[in-house]
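Novice: Spelled out from the first residue to the last, the chains are:
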Amino acid sequence: MEFLSDFLTKFGSQLQSPTLGFLIGGIIIAALGSKLEIPDAIYKFIVFMLLTKVGLSGGIAIRNSNITEMVLPALFAVVTGMLIVFIGRYTLAKLPGIRTVDALATAGLFGAVSGSTLAAGITVLEAEGIPYEPWAGALYPFMDIPALVTAIVVASIYTSKQKQSATAGEDLSKQEYLSKQEYLSKQSVAAGEYPGKQEYPTTRQEYRKQQRITASGYPREQQNRVKIWPIVKESLEGSALSALLLGLALGLLTRPESVYESFYDPLFRGLLSILMLVMGMEAWSRIGELRKVAQWYAVYALVAPLLHGFIAFGLGMVAHYATGFTPGGVALLAVIAASSSDISGPPTLRAGIPSANPSAYIGASTAVGTPIAIAVGIPLFVGLAQALMGS
Amino acid sequence: MEFLSDFLTKFGSQLQSPTLGFLIGGIIIAALGSKLEIPDAIYKFIVFMLLTKVGLSGGIAIRNSNITEMVLPALFAVVTGMLIVFIGRYTLAKLPGIRTVDALATAGLFGAVSGSTLAAGITVLEAEGIPYEPWAGALYPFMDIPALVTAIVVASIYTSKQKQSATAGEDLSKQEYLSKQEYLSKQSVAAGEYPGKQEYPTTRQEYRKQQRITASGYPREQQNRVKIWPIVKESLEGSALSALLLGLALGLLTRPESVYESFYDPLFRGLLSILMLVMGMEAWSRIGELRKVAQWYAVYALVAPLLHGFIAFGLGMVAHYATGFTPGGVALLAVIAASSSDISGPPTLRAGIPSANPSAYIGASTAVGTPIAIAVGIPLFVGLAQALMGS
Amino acid sequence: MEFLSDFLTKFGSQLQSPTLGFLIGGIIIAALGSKLEIPDAIYKFIVFMLLTKVGLSGGIAIRNSNITEMVLPALFAVVTGMLIVFIGRYTLAKLPGIRTVDALATAGLFGAVSGSTLAAGITVLEAEGIPYEPWAGALYPFMDIPALVTAIVVASIYTSKQKQSATAGEDLSKQEYLSKQEYLSKQSVAAGEYPGKQEYPTTRQEYRKQQRITASGYPREQQNRVKIWPIVKESLEGSALSALLLGLALGLLTRPESVYESFYDPLFRGLLSILMLVMGMEAWSRIGELRKVAQWYAVYALVAPLLHGFIAFGLGMVAHYATGFTPGGVALLAVIAASSSDISGPPTLRAGIPSANPSAYIGASTAVGTPIAIAVGIPLFVGLAQALMGS
Amino acid sequence: MTQKASKLVIVTEKVLLKKVAKIIDEAGATGYTVVAAGGKGSRGVRSSGQPSVGDTFSNVKFEVLTPNRDMAVKISDRVAAEFFDDYSGIAYICDVMEVLHAHTF
Amino acid sequence: MTQKASKLVIVTEKVLLKKVAKIIDEAGATGYTVVAAGGKGSRGVRSSGQPSVGDTFSNVKFEVLTPNRDMAVKISDRVAAEFFDDYSGIAYICDVMEVLHAHTF
Amino acid sequence: MTQKASKLVIVTEKVLLKKVAKIIDEAGATGYTVVAAGGKGSRGVRSSGQPSVGDTFSNVKFEVLTPNRDMAVKISDRVAAEFFDDYSGIAYICDVMEVLHAHTF
Ligand SMILES: Nc1ncnc2c1ncn2[C@@H]1O[C@H](COP(=O)(O)O)[C@@H](O)[C@H]1O
Ligand SMILES: Nc1ncnc2c1ncn2[C@@H]1O[C@H](COP(=O)(O)O)[C@@H](O)[C@H]1O
Ligand SMILES: Nc1ncnc2c1ncn2[C@@H]1O[C@H](COP(=O)(O)O)[C@@H](O)[C@H]1O
Ligand code: NA
Ligand code: NA
Ligand code: NA
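Heads up: the sequence lines are chains A, B, C, D, E and F, in that order.
Taking numbering that gives the first Met the number 0, I'd label the letters of the first sequence as residues 0 to 390.
Taking numbering that gives the first Met the number 0, I'd label the letters of the second sequence as residues 0 to 390.
Taking numbering that gives the first Met the number 0, I'd label the letters of the third sequence as residues 0 to 390.
Taking numbering that gives the first Met the number 0, I'd label the letters of the fourth sequence as residues 0 to 104.
Taking numbering that gives the first Met the number 0, I'd label the letters of the fifth sequence as residues 0 to 104.
Taking numbering that gives the first Met the number 0, I'd label the letters of the sixth sequence as residues 0 to 104.
Since the hints were derived computationally from the structure, they do not count as laboratory data.
Each residue gets a CB set at the ideal place from its N, CA and C atoms; glycine is no exception.
Here are a few chain F residues that face chain E, going by a calculated C-beta distance under 8 Å:
#1 Val10
#2 Gly40
#3 Ser87
With the hints as constraints, model all of the structure from the sequences given.
Specialist: Right, dumping it as structure tokens:
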């Protein structure tokens, strides 16, 4: 009871924090149709600055700390990332009107990590004076990459199976199709599998029916085995993770204290406030995309961040009792789990599960998932950590 | 006498202030043909930062202040904004070779407010240690919007009247015209009312005469009543005013002190110096446009900022004696009046008075009006405020 | 001996400095294929900030210093800049497989100055607490412009001579050529002197042979005398030098201390770290271009920065004993000489020696020259300065 | 079987981006492509107060593939009638396009 | 003697930039030109999670001059076959180009 | 009554922006449109030292509508003669354009 009233007080004061204020401000001015624009170059620069800062501080800290402490939390991060995908596979994907590949991509994105949400979580912990392991930010890739890899691998296996059964079942029509195909490729007919101004079809079978003369369906070379390393590589090469790892390496191997203290650290909060504004404006502008897809995505995006956060918080508490993982670190692990990727995740999924509809996963994550993670998730898990410290 | 020598001293030292130094530096390097370029993304970011800062500090201050004090100055801001347009209507527009719509657009722009000039004024007040109401920056929209709305409304009324008399007087030629028109729309003739490499014609009648086969003059749907709300909305949605109002709301409703003090406030002066450089380079690059239009625009742009500033200063002094509006606040009101809009005003006018020539109003404002307001207006009105305080 | 071990210690600790750390980090993440991107707008802004800061601090300092002290070092800067070009002319250009114009452009670029290397040098001097003349940064244009002018003038003279002898020697073939030419210009044949996917040809004669029907070789108007002022003007107008000179003028003529101390100075180191990252990524991405040209360019780029630095260091020591030029100033002069231009130089050379292959000079400078100057040159010359101070 | 098409190009001021897009939509075109453009025409005028010192283009270029010439001419006529009195712009057409692949055309 | 050419235009999602460029290269074209583009088609979908609030275009437009129609059609067919099932895009051709000057064509 | 036109396209290095524009002006064209472009041709060379790590395009594409083919060829010849020896670039023409609406043409 006391915890609840405590949490509500904290939540009320969180609403007044600049982080949340700018996020909500962004939603509101976008809703009012403001032409305010944070240029793309500034957005990219801010992301670079924030993640380099998180990396640098982590790297500097790891230099003087016992790195074996990180093993259990990192393992739990991996487990959470993969678990989130399977949860999506057996809940969201089973709902009516949901294509499996879309569900898998969405779950992959919610399993992956948002650098801006992580930065916001760190800011709140610091504002509240809650100690946390300085390497906790470095748990990012341990959850991000497994989630994306799992989603893409599971989707590929699913798609291959679908194709095989389709080939078996539609043998005759396939023959017709192929001969039409030969004709087409000689005559260069306009092609493409997506229908015009209709609703997004939920199965590939529907597509076929809606086809006009401009239809496609070219025989694609069969990709039999999914390769994991290219997906990992693509994740690591993304701009957000690159900046984090670069910062980490520089913090670990060089002495960047002078620039860290004169530049990256003092600018952190202010730049974060601008990033929150962008996130808010983005959230509003993606609502439209979310509306185009089944309402279940909105429900998922509302529930999933908190559920994922609770799972990670639970695992984090195991680490707390087992190896002394701090309550602040537990909260950060939960925030990482609650977050859904906004920068590197979408392009990775676009390439890895090309048949999934980006409106579904980006809409769910950006329009609902991220605001929930920041506005509800962060105060919730920080509050739980404080309760844990009190006990 | 003493005041004058005082003012000249102040003006001399103002010339050495970074604000003015960077402005003049910008003019000079542009004149010398430098390829230095402040990227557009940086320019937009700086405008965002400055106006958010002005808004935040205003919002934080309003929280603890008696907002009824703002009523009279805000009213005077509205009056000044509207008055400036009518002054333009009955001076500039009456001069030989000046089209009425061009004059109205110019007066509207000079009535509207420049965020950068406002920021420069605040910096000088703070450097001189002159106190001012922290909400004074929030007077911005109270002058900006009425000026733009008045200009657009008056121009629309004027244009409708012109068209009606034109229809009456040119009845026959109109018939010929319409039948030609029918022909044209079937045959898709190249069209457009502006003549080639000639001088900008000063009346619509002249246009007609200069037409080539490529002429236009399509029957446009009659827009009978000017709607005011869309103009207000467009102003409020502009990037500069959006940032100011967002900052104001966040300052009022949340606790942004931490980011304000660590980020928005300390970067203010430095970013302003870069914006001044851009303003200077812009001023030079617009001189060419000013040359293309009647010289009266240059005269107007030289005189108007100071005249408008004096009017506002006078009204501000009424508020000073009536409700204790500080001398610093009076000076800021005068600076706001002296300024002419550089960011949001031009696109609003382009859409609202499309027949007005942008070279006229943008040239007059950017090439002459803004430099005068900053280089002469700010030291003048700050000096007057100090004289007022001394008395 | 002691000096060597001293230098190696210093070099080891330099490797941990943020400057070098970010440079190497940039090379590594580019090599690993990271998609991290510092937007072009941010890059331009950083260059502006750094050079304005160098200019401002120089200008502020010159105000209170005896400017005649600058005469000898400035003269030596001019001499070094010109000397570097002639060294290139009689070494690099004489090597097998090297076109003279390419060699001249490369030497010009290595004679010219890099703002980022200069900024890195200043940072190291300050970190080591070594005093230097605050106007030393202002030596930049005294080396930069003479080097570029000399390279362009020498190349023009060389090219004219080549053309004359070609005209004399190839008289007959020229006639054929011209008649073909007439035909071509009437029939608008596809044209261009560079061959397709082949290796870059090393002489103009080779070009001719490789021509397809798409060949060019239009009679160009003879440019008899090279004009020097346009080259000087173009250099001065470049964005880097403009910013430096603007800062210098503002520091000298106005009182920019407030913005200098609150903005330009505190952000210097942090922004430099980002610029170093960009330089590192650039270096890697240009390696490919360097591979396309003769290996001698790599050798030159490896040796030249240090050789040029030693020459300037020697001349600087003359000034040290003659007029008391500080050891820190001597080191900075050497760093300026060791650096090769990365911002303004390349476009100036592209326009001034259009027949030179940019892959050669940009590849050599960016991929090898700049990293060597920063990673080896700076610690070396700073170490020498400390040895000089100790003696 | 490729599909013959007309390609309408409209270059005009950036401020008109949304308005022209709406006209194209309303005319029933299946889509359009738009790029940022600079340029010079009879009126050397910039429409906005945006710094010209910066690196921005102030025009936009629309390209619209239409299944027949009529639709293209209709769009062009409407754009010219509504905007070319007051804004700078040019519209031209090329009738010999063939669409090879499209999702709808 | 000018050289007749076909001009193939492909507008598709930015994420495919490198992959489409590779296909063009492999088909033996002497080069290509690419510009950033926005647009609207049958699928109003953005491919990346990049902020749409920003000022970026999410499409690219390729223009490839080919010496004959066949090469253009081949490129177009391959791009459509590999990507147009899952990504938005359009490909069209114009056969009446003439190359006036080029380094290789 | 539409007006027949030729469309000349020149893709070349960004550093030549002003110089090519001047040639077009001097040839008497009523205007031109220019967009930022990237590309690949026979010379895979960037002209400037501008960071390639950034997001900039290093080419520009000019499009010039001319009332007759001759003017276009004249422009193209002059640009090729002055620059294509030393700079990368391509010029091509399409003769079947029709201008629908323009302020001067
Ligand atoms: N002859 C032309 N060729 C290509 N583009 C043109 C031409 N004339 C005008 N334009 C484009 O159309 C825009 C508006 O032209 P105008 O309305 O004549 O100022 C210019 O900014 C150019 O981008
Ligand atoms: N009719 C059209 N005219 C010009 N461009 C089009 C047209 N249809 C589609 N496009 C372009 O092709 C892209 C993809 O189209 P779609 O695959 O139909 O979504 C769009 O974003 C447009 O840039
Ligand atoms: N076949 C082609 N199709 C389209 N654009 C080309 C072609 N060849 C060259 N270009 C363009 O022309 C520029 C210069 O070509 P080049 O001079 O051959 O290097 C390239 O960067 C491309 O933008
Ligand atoms: Na997550
Ligand atoms: Na005003
Ligand atoms: Na040098």
